[in-house]
Amino acid sequence: MSGVGRSGAGRRAAGFRPTVAEALAGLVLVLLLVAAIWPGLLAPGDPLAVSRTEAFQPPSLAHVFGTDESGRDIWTRVVHGAAESLRIGALATAIGIGLATVLGLLAGLGPRWLDFGTTRLVEVLFAFPGLLLALLFIVVTGPGVLSSTIAVGLATAPGYARIIRSQVRRTASAEFVEAARVLGRGRVWIVTRHVLPNVTAALFVLATLGLGQAVIWVSSLSYLGLGAVPPAAEWGAMLAAGRTYIASFWWMTFFPGLAIVAAAAAATVLGRGIQKRNRSAS
Amino acid sequence: MSEPVLRIRDLAVSFGGRRVVDGVSLEVAAGECVAIVGESGSGKSVSARSVLGLAGEGARVTATELTVAGEPVLGLPGRRLRRLRGGTVGFIAQDALVSLDPLRPVGREIGDTLALHTDLGAAARRERTLELLRRVGLDDPELRARQRPGQLSGGQRQRALIAAGIAGEPRLVIADEPTTALDQPVQAGVLRLLGELRDEGTGVLLISHDLSVVRGVADRVLVMTDGVLVEEGTPAEVFEHPHHPYTKALVAAVPAGRPRGTRLSAPPTDSAAERRDDRSSGAGTPTTPTLDDPATGVLMEVHGVRRVFHVGARDIVAADDVSFTLRARRTLGLVGESGSGKSTTARILLGLEPPDAGAVTLLGEPWSPLPEKARRTRRPLVGAVFQDALSSFDPRWTVGAVLADALTRGRTVRPGRVRREITELLGTVGLDPDVADRRPLHLSGGQRQRVSIARALTGDPRVLVLDEPVSALDVSVQAQVLDLLDRLQRERDLAYLLITHDLGVALHMSDEIAVLQEGRIVERGPASSVFADPQHPYARRLRDAVRP
Amino acid sequence: MPGTRRWLLLRAGGVLFVLWASATITFFALRLVPGDPAEAILGGPGSQAGPEALEQVRREYGLDRPLAVQYLTYLGRLVSGDLGQSYSLHKPVATAIGEQLGATLTLAVCALALAWVLACALAAWSVRGGRVAWAIGSGLELVAAAVPHFWLATVLILLFSTTLGILPPVSVPGPLGVVLPALTLAVPLAGFLGQVMRESLLTAMESPFVTTARARGESEVRIFWRHTLRHAAIPAVGLSGWAFGSLISGAVVVEAVFARQGLGRSLLSAVQLRDVTLVTGIVLVVALAYTVMTLVTDVADRLVDPRTRAVAR
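Residue numbers (the working numbering), protein chains in the order written: chain A, 632 to 913; chain B, 77 to 624; chain C, 99 to 411.
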C-alpha cells in the first residue's frame, strides 16, 4: 500500500550481485575445487614424501603450513587432502539427500497412511541425535572410510526428509497447482511439471548447506579414528595424527582444521545466498 | 482558526536521490480531519510518517516548515522527538494484526504508551487502559486488555490499536489506512470513532487509498499522486467537481454507485485492444446488456450445495444449501465478509472441492460431484481468475510458458502457432506481446491480473469464476481490470460468478447479487434493488456500510 | 483448556511410540552385526571369547529361542531398566551409564546456557551497532557455526593452556575443568542459534508493530528488549531440543579431546571396542532424553508463543 517496509528493503534486497562474503566464499570454493581436481597446480610436491631431517618444522617460507612428524609438507597435504575430504563429504550428502528425497516424496505425495508411516519413521530416526545414529551404524558395520561416509549420510537423512516433505506439501497445495487443476491437468503432470521442479530448487540449497556440515561430520569421525586413517591425506585424519603433538607443534592441527572451517563456511554462505535469491524470486 | 496542530510547508522526501515526495504543504487545525488520498507509491504515507520522523531508513526529509503544535520537528534531538511521538502526535497504522505486537496483550501496549507519556502509577495506568478500551467502544475491557491481537476480531483489534494511539492524549492523530484490512460494516464503525475524536477537538490526518472512506469523515481532502498534491477541497468539491485530470480519473474509477456497463477507466489511445473496446461501447454511457429472455442461456446451475469442514472437534459450515444459476452475459455477485464461505463456493464450482450434498450442473449435465476424469474433457468450459494472481503462477515460469501451457493443455501444437495465439491473447487483455518473455514476479499487479484473465480465456470458456479479482489492486488499475472483464463478457457471452467483499464492485458489475453469511445465502435479488429494502439484518448492515 | 490436555496426551503418546520404535531399532541393530550375535555381544570375532562365555551369553539373552521371544524378552528387560551387561566394563550397562550421565549433563547444560548468552549478546550488540556491527556479527556467527568441535578445542587449548596457561588442557575435577569443554560446545551452537535469531530478528524489526512502537515514542533499546528479542527467540527456543541433541553428539568429540569423563567418551570407547550392548544402551538413553527434551521445548514453545495455541488445535 504505502511506504511501509521500504526502509528494510535495502538490507534485505537480494539482488543478483554477490555480496562480499559470497564472493569470498566463491573464491574459496574455486580454490577447493582446483585443489581437488589438479592438486599439483597449488602444491607440486608429494603429500606422502617423508623427510626425517625436516620433521616438525614451524611455518616458514619453505613450508608455509610447516611440516609434520615425518617431515611431510602440511600445505601439500592439505591441498591433496581436499579431494578425499570433499569426495567423502559430497558422497555423504548425496546419500543423505537421496534417501531423504525418497522419504520426503513418499510422505509428501503418497496417500495419507504412507505419509503417516513415513513421518513416524523419520520422527523415530530423529530421536537419535546427530552423531549417535552414525555411531550406531558404525558399531554394526565396523569403522572405515566407506562406513563412516554412509553413517553420516544416514544420520543426516531424517532432517532433510522433514524439510523436503514440507516443501512438497507446500508446493502441492500452492495456488498455481489449483490453477493447473482448473485447466484440467492430472496428478502426474502436476507432480512432474510443478512440484518436482520447485522442490529441486530447494534440494540444491539443502545440498550446498549440507555439504559443509557433512565435511565437518566426516572429519570428526576420522578424528575419532572411525573413518579415514593416517597416513591418508584426509583433513580429519591429519588432525587426528597431529593430536599427539598438539602442545608443541600446533600447526599440525591448526591448518587442516582451517581448511575444514573454510570449506564449511563457504558452503554455508553460498547455500544461503542461493536460498535468499530463490525466496525473493518466488 | 487558531494555531494549527500541524503545519507543513514544502515537504520533500527522497530516498537515495529518488524523490518520492515533492513540495507538499498542508495544515491541520484542532478539531479538523484532513485526508490525503492517493494510490500506492503516491507518497502519501511517507509524507504522514515524516511528521513523526519515521519516513524510513535512508530517507532525506526537508521542509521550509514542519511544526507540530508550534514545535519544529525536523532536527529535533532523539529524546524530544520520542516525547512528541505518542505524546503530541498519536499514530494509528493499518492492520492491527501486525501493527500490534502479536505476542503481547493489547492492554500492555496501551499501558506502554501511558508509561511513556504520563506520570500515572501502575494502578492508575491500568484504570486508564480500561477507560480507553471502553472509550473506543470495546465491550468487556477487562477481558480485552488481557487478550492478544490474534484473539480479537479485526474490528476489535483496530479499536485497540486506536486506543493505544490516543492514550497519550495527542493533539494530532495520524491514521494511516486505518480501515484497509477491515470488512465494510466494521470500517464504518472505525470511521465513526475517528469522527468522534475529531469532534472532541483532536486534529486528524487521515491517509487512505479509498475515496469512499474519506468521503464520510474528512473536512478537507488532498489528492496526491507521484509525490505531489494535485487537488485540495472539501469532499463535495473534490468528488463532485474535480479539476485535475488525475482526480477526475480517480473519481471516475470508483465503481460504487456507477451503473452496470459504465466505463470506469479513461480509454487509452495506444492500445488496439482498447480501441476495439471503444467502438463496442461509448465511453461513459451506460449500456445495459440486452437479454432476450432470462430463462435461456443457463450455463451452470448450483443446487443445494453444502460443505462442512472438520477442524479438530468443531465443524465449520462453509456452504449450506447454496443454490444459484449462472447465465450467459450475466454476472452473479456473491458478497459477504471474510470467512462467509465465498471461496469454498467458488472452489466447488471449479471442481476443486466436492460438495458434501447438493450438485452442480454445467450445460445441463452433471459437473460436481463427479470423478475428476469425467470432468476433465469439459474443464475448458470453466475458467478461473484468482485473487492473488502472483501465487497462481508457478514462480519458475514466464508468462509465455504459463499461457502456452494453458493453450495446449497437453496437446502437441506447432510452436509458431502457440506463439501467435499467445500474442493474440495478450492483445485481447491489453498487454504487449513482449510480456510473454517476462516472469509474473516482475509485472505490476494489474498486469498480473490481466495475464490471469488471459489464462482463464484459453479454453474458450463459457463460465468464469472470479474470486476477488480486483481486491489487491489500486482504484485506477481496478477500474481498468473491471472494464476489461465487462468488455470480455459482452464480446464472448460469458457467465460470471464474481466473488467480492467490496459492495461497490459487486453493485457495479453484477446483474444479480447474493449475500452470503456463514455459508448461507441470506439475501438475493437484482443488483438494482437488493439493497433498496434488505430484509436480513446482515444485508442491512452491509447497506448501511456503503451509504453512510 | 481441553485443547491443551488433548494435545499433551497426543504428544506423550508420540513420545512412547518413538521410544518403543527406537528400542526396536537398537534390538535389530544388535542382530544385524555380522556373525554370531553372542560373539558380537562379547566384542566381535576379535574378542576370542571362550565357548563357555558364549554359551552363557546365549543363555542369558535367550539367543537359542525364536526371534519374537528374544524381542519380547528384550523389551521386557528394558522396561525394568535392565540394559544388559557391558563386556568391556564388566558391569551392567545401566550402572555404567548412571556413573557417566551426571558429567555429560553438567557439560551440556553449561554449554547450552553459555550458547544462549553468547547468541543473545551478539544479537543485542549487532542490533545497536549499526551496519558494521551487523556485518561483523553475522560473519562471526557464520564462522562459529562452521567450526568443528575438535578443531575449536585444539585452538582453545593452544590459546588458554599452552600460551596463556590459565586453564587446564585436560579436564580436571571442579568448575575450572568444565570451562574449556563447555566453551568448545557452546561456540558452534551459539553460531547456529545466532543465525536463526538474526533471521527472525530481521523479520521482527521490519514488522509494522515496531513502527507502532516507534510512533509511540519507544527508544530502540526498549523496542529490542520488549518486542523484537522475544520474536527472535521463539524459533531459537524451538531449536533447543535439537540443540541438546547436537550437544550430546558434540560431547562425544569434546570429552575425547579433553579426556573428560562422560557418556560421550564411554560411547566412543564402546564403539572402538565394539561393545554393542553398551553402545545400544547409551544410544537408547540419549534417545529417551532427547525425546523428552523435545517434548519439553514444545511445551515451552506453547507457553512463549500463544499463537501456536490458537492455531494448532
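Please keep in mind that the hints were generated in silico from the structure rather than gathered at the bench.
For each residue, glycine too, the CB sits at the ideal point set by N, CA and C.
Check the hints yourself; a few may be wrong.
Stated by the list, open to error - Okay, the calculated beta carbon distance ranges per label pair:
id	chain 1	residue 1	chain 2	residue 2	range
1	A	V651	B	R493	16 to 24 Å
2	C	L130	B	R487	30 to 38 Å
3	A	F835	B	R493	52 to 60 Å
4	A	P675	C	H188	53 to 61 Å
5	B	H518	A	V665	49 to 57 Å
6	B	E500	C	S317	31 to 39 Å
7	B	G440	A	G817	20 to 28 Å
8	A	V665	C	L130	28 to 36 Å
9	A	V651	C	A357	38 to 46 Å
10	B	D620	A	F835	54 to 62 Å
* Starting from the hint list further up, note which numbers the structure goes against and sort them upward. => Result: hints 1, 2, 3, 5, 6, 8 break, sorted rising.
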